[in-house]
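Keeping their order, the protein sequence lines are chains Y and V.
Numbering of the first sequence is given in numbering that gives the first Met the number 0, commencing with residue 0 and proceeding in unit increments.
Numbering of the second sequence is given in numbering that gives the first Met the number 0, commencing with residue 0 and proceeding in unit increments.
No lab work stands behind these hints, which were simulated from the structure alone.
Computed from a predicted model, the values in this text were never measured in an experiment.
Everything hinted at is true.
Estimated spans, in silico, between C-beta atoms of each pair:
1) Y/Leu334 / V/Asp177: 43 to 49 Å
2) Y/Arg464 / V/Val66: 17 to 23 Å
3) Y/Lys14 / V/Gly185: 41 to 47 Å
EDC-like cross-link-like pairs, simulated, lysine to aspartate or glutamate; straight-line CA separation at most 16 Å:
4) V/Lys2 / V/Asp64
5) V/Lys158 / V/Glu82
6) Y/Lys356 / V/Glu82
7) Y/Lys228 / Y/Asp91
8) V/Lys158 / V/Glu189
9) Y/Lys356 / V/Glu73
Sample of chain V residues at the chain Y side, in silico, Cβ under 10 Å:
10) Leu53
11) Glu73
12) Arg78
13) Phe88
14) Ser90
15) Leu93
16) Leu97
17) Glu104
18) Ala106
19) Leu107
20) Ala108
21) Pro109
22) Pro114
23) Arg117
Note that CB positions come from ideal geometry on N, CA and C, so glycine has one too.
One letter stands for each residue in the lines below.
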Amino acid sequence: MFLIYLRRELRRRKKAALVISMGLALGIALVITVNSVSAGMTAAQDKVLQSLYGLGTDMTVTKAQTSTTSTNGTPKFSFGAKDDSSKTQSSDNVRVQGFQTLKSTVVTQVSAQKGVDQAVGGLSLSVTKVDGSFTQGKAQSTTGSGQRGSTGGQPKVQGGGADFSVNSYTVYGTDVANLDLGPMTTSKITKGVDFTSSQSNSKVVVVDSAYAKTKKYSVGDSITISGTKFKIIGIATADSGDSTANVYIPLKQAQTLSDSKDLVTTVYVKATDSKQIDTVKATIQKNVSGTTVTTSADLASTVSGSLSTASNLATSVGKWLSIAVLIAAFLVAALLTSSAVSRRVREFGTLKALGWKSGRVTRQVMGEAFVNGLLGGALGIALGLAGAYTVTAISPTLTASLGSTSSGGGPGGGGRPGQQAAAKAIDIALTAPVSVNTIAIAVALAVAGGLIAGTFGGWRASRLRPADALRRVE
Amino acid sequence: MYKLSGVTKQYSRGKETVHALRGIDLVIEDGDQVVIQGPTGGGKSTLLQMLGALDRPTAGSIEFDGVDIAKLSETKLTRLRAEKIGIIFQSFNLIPTLTAQENVETALAPMGTKPAERRRLAAEALESVGLGERLHHLPGELSGGQQQRVAISRALVKKPKVLLADEPTGALDEGTRDEILALLDGLWKEYGLTFIMVTHDSHIAKSAPRLATIKAGQVTITDQARQTAPVSY
Chain Y
0 MFLIYLRREL
10 RRRKKAALVI
20 SMGLALGIAL
30 VITVNSVSAG
40 MTAAQDKVLQ
50 SLYGLGTDMT
60 VTKAQTSTTS
70 TNGTPKFSFG
80 AKDDSSKTQS
90 SDNVRVQGFQ
100 TLKSTVVTQV
110 SAQKGVDQAV
120 GGLSLSVTKV
130 DGSFTQGKAQ
140 STTGSGQRGS
150 TGGQPKVQGG
160 GADFSVNSYT
170 VYGTDVANLD
180 LGPMTTSKIT
190 KGVDFTSSQS
200 NSKVVVVDSA
210 YAKTKKYSVG
220 DSITISGTKF
230 KIIGIATADS
240 GDSTANVYIP
250 LKQAQTLSDS
260 KDLVTTVYVK
270 ATDSKQIDTV
280 KATIQKNVSG
290 TTVTTSADLA
300 STVSGSLSTA
310 SNLATSVGKW
320 LSIAVLIAAF
330 LVAALLTSSA
340 VSRRVREFGT
350 LKALGWKSGR
360 VTRQVMGEAF
370 VNGLLGGALG
380 IALGLAGAYT
390 VTAISPTLTA
400 SLGSTSSGGG
410 PGGGGRPGQQ
420 AAAKAIDIAL
430 TAPVSVNTIA
440 IAVALAVAGG
450 LIAGTFGGWR
460 ASRLRPADAL
470 RRVE
Chain V
0 MYKLSGVTKQ
10 YSRGKETVHA
20 LRGIDLVIED
30 GDQVVIQGPT
40 GGGKSTLLQM
50 LGALDRPTAG
60 SIEFDGVDIA
70 KLSETKLTRL
80 RAEKIGIIFQ
90 SFNLIPTLTA
100 QENVETALAP
110 MGTKPAERRR
120 LAAEALESVG
130 LGERLHHLPG
140 ELSGGQQQRV
150 AISRALVKKP
160 KVLLADEPTG
170 ALDEGTRDEI
180 LALLDGLWKE
190 YGLTFIMVTH
200 DSHIAKSAPR
210 LATIKAGQVT
220 ITDQARQTAP
230 VSY
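Produce the entire structure from the sequences given, and follow the hints as far as they go.
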């Protein structure tokens with residue numbers, strides 16, 4: 000009887016059922032879309048941070064910021080004058096990014112700290128290569144032209160000049176013995192091979208795919224850095240489309256090139272327990288002096304640009320909008336259900352006069368509201384999925400600017416890959432992934448909406464006395 | 000069957016108190032057919048609601064088979080209505096979304112009758128009132144007389160001890176009225192029921208075996224041609 004009555008009522012009151020369901024559907028769809036977009040924002044932020052840190056890195060250790068008085072921060076190029084003006088001259092300047100380095104022993108020191116699972120050092124370099132040639136000017140003597148006493152003019156140099164091109168790129172010295180931590184983990188080898196632990200003394204490089212495309216490098220080619228020839232063994236493609244460096248070389252080679260023996264710019268740290276990151280940070284800062292520890296949370300606060308704005312919008316405006324629409328939908332559903340009970344006073348009164356218990360009448364009303372809720376949930380999930388799919392299909396590009404507000408060991412600070420990223424914006428395509436959790440939340444909301452509406456209506460129906468119900472129509 | 004002693008019913012309407020029934024004493028025997036007649040607002044429908052366990056008196060007692068139903072809990076009143084009292088309403092009060100058969104089934108649902116048995120009994124009840132061909136029709140597809148026949152089937156399908164009818168022909172034309180009255184009279188005799196009907200139709204009142212005239216909340220009983228149905232329970 001319950002199901003027959005339920006089915007007939009819903010069929011008869013299609014419009015009312017549709018209004019209630021659509022109200023709930025709108026709220027639920029909004030929750031799904033906002034949740035998915037928020038998840039997309041978080042994923043985008045994670046990608047941005049991973050492009051700096053690499054997968055699995057919980058924090059980085061860099062040298063504490065000190066006022067830089069070093070003069071070696073200014074690139075110097077030496078070119079000598081040569082007779083053969085057509086001859087090309089070239090000069091490389093290799094600098095440590097940020098000019099702040101730590102001793103390699105710090106890596107061991109950090110590894111030994113409580114709560115640290117793994118620590119790996121890396122050295123970030125910036126290479127500026129100047130190529131070109133001088134053309135000597137030619138001296139020409141001037142003949143007298145009315146100047147008194149002049150037997151011959153002073154020689155005058157004419158022509159000559161310089162034609163140089165500047166190529167700047169970044170090099171990251173990676174610890175080939177520990178490739179599962181550090182910036183390279185966000186890139187995949189798409190051609191050739193990765194480093195092996197035995198290649199710390201080999202002159203081999205892995206080139207970022209975007210840089211390789213620009214320079215038309217392929218596996219097997221050679222690349223010369225500051226006079227040292229390296230063989231390209233692999234091409235790496237960054238997951239986020241933005242790599243940490245243009246060229247990766249073994250750490251020892253990077254130290255040799257930059258004259259930074261036993262020095263690193265950044266120590267990448269993985270904690271044993273990701274929930275204890277703050278404790279580990281405090282331990283390292285306390286026990287390893289002269290360092291700044293930056294966690295991904297610290298770094299996330301430095302992300303700015305449209306990604307940050309959109310993320311803030313999704314978490315604040317989107318969240319509150321969803322809550323407001325949901326509350327409104329629940330209220331509308333409750334009011335409509337309650338009003339439907341008012342219209343059916345005679346019906347429920349008759350059923351009670353026939354001997355139906357209040358509980359049976361209440362169950363009937365709640366059942367109808369529950370089905371409306373489920374219909375709203377199904378519609379809402381469909382609408383929400385369509386919304387999330389549309390966002391993913393459009394994939395709006397968001398820009399993330401990194402590290403602009405940080406100082407010290409932050410992304411703008413101590414000579415780590417983050418600093419390179421600080422100077423440029425990273426473009427991330429926004430997606431809106433819908434998780435099982437989001438669907439579960441939607442279903443729970445639909446059930447809750449149906450139950451709230453049903454409780455209102457059922458409560459009203461249960462309070463009806465058969466005589467009152469019949470008297471109202473007389 | 001019924002023994003009413005000093006039954007009073009008052010309603011509050013704002014600051015005003017309405018005395019619907021004023022200390023009614025009335026005895027109705029098993030198998031009696033009683034017609035309650037009176038002017039509008041005289042308290043006849045209120046009396047029927049008391050007899051149908053739909054409402055409680057403000058004072059007095061209503062004994063049904065020796066049990067004072069004024070003191071019964073809501074659950075017991077509900078069970079009493081479900082098992083022993085059949086009610087017919089002036090405007091039929093059928094559930095518009097359910098078919099004739101399903102409407103009749105609603106009276107069996109609270110008794111825990113199994114679905115197949117419910118369907119069989121409902122079909123039989125409708126056939127007994129000449130609606131065997133209209134089982135799957137919705138109330139909106141039936142005439143007024145047919146709808147009242149469905150309502151009668153619904154009231155009788157559970158084989159109640161008492162049939163209460165509140166102006167059962169009030170919404171019908173004269174021809175249909177007579178058909179329904181003849182049907183009810185036949186069923187009263189066939190089922191051996193106690194049949195109590197409220198009406199303001201003096202034609203019906205004149206032919207009633209027992210007439211209870213209610214005026215200003217008080218009842219006068221007249222045995223016009225008293226007869227009782229052969230009680231079958």
